[in-house]
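Peer 1: Chains as they are written, first to last, in my numbering: chain W, 561 to 1006; chain Y, 561 to 1006.
If you are wondering where the hints come from, they were derived from the structure by calculation, not from laboratory data.
All values reported here derive from a predicted model rather than from experimental measurement.
Among the hints, erroneous ones may be present.
Because identical chains share one entry, a pair is satisfied inside a single copy or across any pair of copies.
Derived DSBU-like pairs (lysine-lysine); straight-line CA-CA distance at most 35 angstroms [stated by the list, open to error]:
id, residue 1, residue 2
1, 739, 609
2, 603, 739
3, 758, 746
4, 758, 603
5, 758, 705
6, 609, 746
7, 705, 746
8, 746, 603
9, 739, 758
10, 603, 705
11, 609, 758
12, 609, 705
Here is how the chains run, residue by residue.
Protein chains: 2
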Amino acid sequence: MTDGTMRLGAFFYATGHHVAGWRHPSSEADGGIVLDRYVGWAKRAEAAKFDLIFLEDGTGIRDADLRSSERTARSTHFEPVTLLSALAAVTSRIGLVATTSTSFNEPYNVARRFASLDHLSGGRAGWNLVTSATDLEAANFGNDKISRHADRYERAEEFVDVVLGLWNTWDDDAVVIDKASGQFSKPDGFRPLDHRGKHFEVRGPLNIARTPQGQPVLVQAGSSGPGKDLAARTAEIVFTANQTLDEAVEFARDLKGRMPRFGRSPDDLKVMPGLFPVVGRSEAEARDKFEALQALIDPVVGLALLGRMVGHDLSGFDPDGPVPDLPATEGLKSRQQLMLDLARREGLSLRQLYLRIAGARGHSQIIGTPTQIVDEMEARFRAGGADGFNIMPPTLPGGLDDFIELVLPELRRRGLFRTEYEGTTLRSHLGSRPPAGYGPGQAARG
Amino acid sequence: MTDGTMRLGAFFYATGHHVAGWRHPSSEADGGIVLDRYVGWAKRAEAAKFDLIFLEDGTGIRDADLRSSERTARSTHFEPVTLLSALAAVTSRIGLVATTSTSFNEPYNVARRFASLDHLSGGRAGWNLVTSATDLEAANFGNDKISRHADRYERAEEFVDVVLGLWNTWDDDAVVIDKASGQFSKPDGFRPLDHRGKHFEVRGPLNIARTPQGQPVLVQAGSSGPGKDLAARTAEIVFTANQTLDEAVEFARDLKGRMPRFGRSPDDLKVMPGLFPVVGRSEAEARDKFEALQALIDPVVGLALLGRMVGHDLSGFDPDGPVPDLPATEGLKSRQQLMLDLARREGLSLRQLYLRIAGARGHSQIIGTPTQIVDEMEARFRAGGADGFNIMPPTLPGGLDDFIELVLPELRRRGLFRTEYEGTTLRSHLGSRPPAGYGPGQAARG
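Generate the whole structure from the sequences, applying the supplied hints.
Peer 2: What follows is the structure, encoded as structure tokens:
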């Protein structure tokens, strides 16, 4: 927000964010397993000067009923860190943000992989830290039930400390490569971490040098209290879902208000809500595009999508009946409440609710002309409810092309988005600084 | 061996396999962290029609004394699966084999990453399965001491069953993408694994479709009894270290003799010993090249290298004294014994021993003309001691270029190596078949 321009992410969810997007005639529906599709989308996003590509992740198929998975494109997709590593080799400026869970990984391995991606990409890596929220994912790792929300965040807090600590085990300028003297890295240029905590004991040092960005950019999406504290302490981007302008402003105010406690400035964290844009040259054209997609939603898929969002199996329910009372789950606390509040506020049936979330999945959805879309973006930006947006194209590549060809020119006309990259690293695009104690020259001394 | 030609791997160990290789004036010594170096080496290896690129891995810096790490190029290097994912985007035919340990990973995550690499590369992925063998690695994962050898292999046996099982949770032709009917994958095209074993409970299915190769190629390096059994049951490549022709022939005979017990044919496993070639147009030129590298070895580095090989800290010993008596470790059983046998057989001092292993690290080392090198390769190949070799260039790119420009023409003149790729997948280069029960059409039915 500091320089008056927005940050924009290209959130690729093969093949498009609308749950029936893959069925659109123009969609490259094999994008989840064919690299060339992603290469094409990534090159378009980079040519358009997006700050970053954002990839979500889950550690398992998150449908209780596999019959519905067979009717969506999302049951098969690349593992995101490997995919972004491939894209690193064919792009040069755009940031590369992958989601990895702290629940079923070891911090040493995660620290290595993102450090490796940062080196591979010349300083463009970001890690979206999530905790895994479903029993279906836990069942792939020997756990019948997911951990309680509080325990997941306690583990995540320590996990991120270990990862940041490992990235800090090498000095900025440790690698000297002096062939004559035989000194590859400078004396005492890296050292053990010797972390001993409740969840992890990790000796270190990391077996990869300090990365081009010093450390990859941390991204988070939690909106609970512990989630906000973790983000205020460590994140440079927060990806969030807010339905209304007031909610968005209050969320950002609350989040950024927590930062000084952790020795950080609010400018060093960019709040980037998800935005699902359906763009038309006229409002009617945009509505027609959207309704054409809505008509492609299979009720089996709609109920399964909704079931995933609220953490309950809804496959037995009548789509035209009311939204049932659902007990709170340990999983998707914040998302679940958003859904139920929405249904009650507007008296929606299950079908009406799943139709409502089929695209944006709880994120902002704007259907209209470029002027209408940019008006809403600008209002949220100027009100302090967003430093930018994570753009969620309904279809790929069509929805991405619509945004680039129709919306970006209007954003640029108003001076709200860059025309050229200012730097070569993700952090240079963001204009942010890393968590306190972890910037350049902040390597841990033994 | 079936078609009378060898399989060749390009084993890249930045920056070159000789421990002082990075100090050579021609070495691209920043290869461990600069992608462009690897891109160059990979493209050269692909143009030369190597079967595969092979990358080893460790989950930590394996020097007890970090002072010696500062004087080698190996303390910092890319994580291999991310690196090969990047190389997948800029190559099209060469196989891509990365090492990943079963000791500090979850099988669901490993299955996903290699399946993702197989899709990214259009069917060129291979997984070199190892168990982690050092306490220094264990200390990065909350374990003070590495597990006992037998326990590591028990876990590895179950680990590989889970991974193979997960790769088998999708039918070959499950993805149909029928936009009209809304059926993305065919009914019952994927299903849970429901594995419940001693070490792992994994529900499945995998969240990525069956891969272009059906499943990535399994590679192993263990030479103990349990290691050989695991390889005979599951591997299509075994990477091995043998000093003499007789040892090599006996190793291959023993290993392949175990395969029928697991329903497999010996032709489906390629034994590829490591080979460290120092090539000269004359034998004197080759010797000079080698001695120039030997002269660059720092005693601190030499003793640390030897210490890693035998699993003991030797930093306090006199380099010119005898090799001390060392108790067997739970770590590198087979490699350790090779070293000690060699020292006793020839009465070597510590310095003489580290000079002996500085390049090949226990693998075959041939210093000579192309004719001399090919004579030895052919003898081992024809005697049944090797189906090919994993080439370990002393320096990069110089050692690779020497092999390509001087040795490959002689191999081709004798009809021992391909002039063009026959297929597009790693398995098509090898001409092997996957483990029994896991080939095309062998998906597990629920």
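Peer 1: If the cutoff is 35 angstroms on CA atoms, where do residue 609 and residue 705 land: within, between, both or neither? Let me know, please.
Peer 2: Classified as neither: same-chain Cα gap 42 angstroms, cross-chain 49 angstroms, threshold 35 angstroms.
Peer 1: Is it within a copy, between copies, both, or neither that the alpha carbon of residue 758 lies no farther than 35 angstroms from that of residue 705?
Peer 2: The answer is both: 21 angstroms in one copy and 19 angstroms across copies each meet 35 angstroms.
Peer 1: Classify it for me, residue 746 with residue 603: is the Cα-Cα distance of at most 35 angstroms met within a copy, between copies, both or neither?
Peer 2: Intra 38 angstroms, inter 32 angstroms, cutoff 35 angstroms: inter-copy only.
Peer 1: Indicate which option fits the pair residue 609, residue 758 if close means a Cα-Cα distance not exceeding 35 angstroms: within, between, both or neither.
Peer 2: For residue 609 and residue 758, neither the intra-copy (43 angstroms) nor the inter-copy (51 angstroms) Cα distance is at most 35 angstroms.
Peer 1: Within a copy, between copies, both or neither: where do residue 739 and residue 758 come within 35 angstroms Cα-Cα?
Peer 2: neither (43 angstroms within a copy, 50 angstroms between copies)
Peer 1: Go through the copies and call it for residue 603 and residue 705: within, between, both or neither, with a Cα cutoff of 35 angstroms.
Peer 2: neither (40 angstroms within a copy, 47 angstroms between copies)
Peer 1: If the cutoff is 35 angstroms on CA atoms, where do residue 758 and residue 603 land: within, between, both or neither? Let me know, please.
Peer 2: neither (43 angstroms within a copy, 46 angstroms between copies)
Peer 1: 35 angstroms Cα cut-off: does residue 603 pair with residue 739 within a copy, between copies, both or neither?
Peer 2: between (38 angstroms within a copy, 26 angstroms between copies)
Peer 1: Please work out whether the CA atoms of residue 705 and residue 746 approach to 35 angstroms or closer within one copy, between two copies, in both situations, or in neither?
Peer 2: Result: close only across copies, 29 angstroms inter versus 48 angstroms intra.
Peer 1: From the Cα coordinates, with 35 angstroms as the cut-off, is the pair residue 758 and residue 746 best called within, between, both, or neither?
Peer 2: within (33 angstroms within a copy, 46 angstroms between copies)
Peer 1: Go through the copies and call it for residue 609 and residue 746: within, between, both or neither, with a Cα cutoff of 35 angstroms.
Peer 2: Neither: 37 angstroms inside a chain and 39 angstroms across chains, both beyond 35 angstroms.
Peer 1: At 35 angstroms max between alpha carbons, let me know whether residue 739 reaches residue 609 within a copy, between copies, both or neither.
Peer 2: between (40 angstroms within a copy, 32 angstroms between copies)
Of the numbered hints listed earlier, those contradicted by the structure are 4, 6, 9, 10, 11 and 12.
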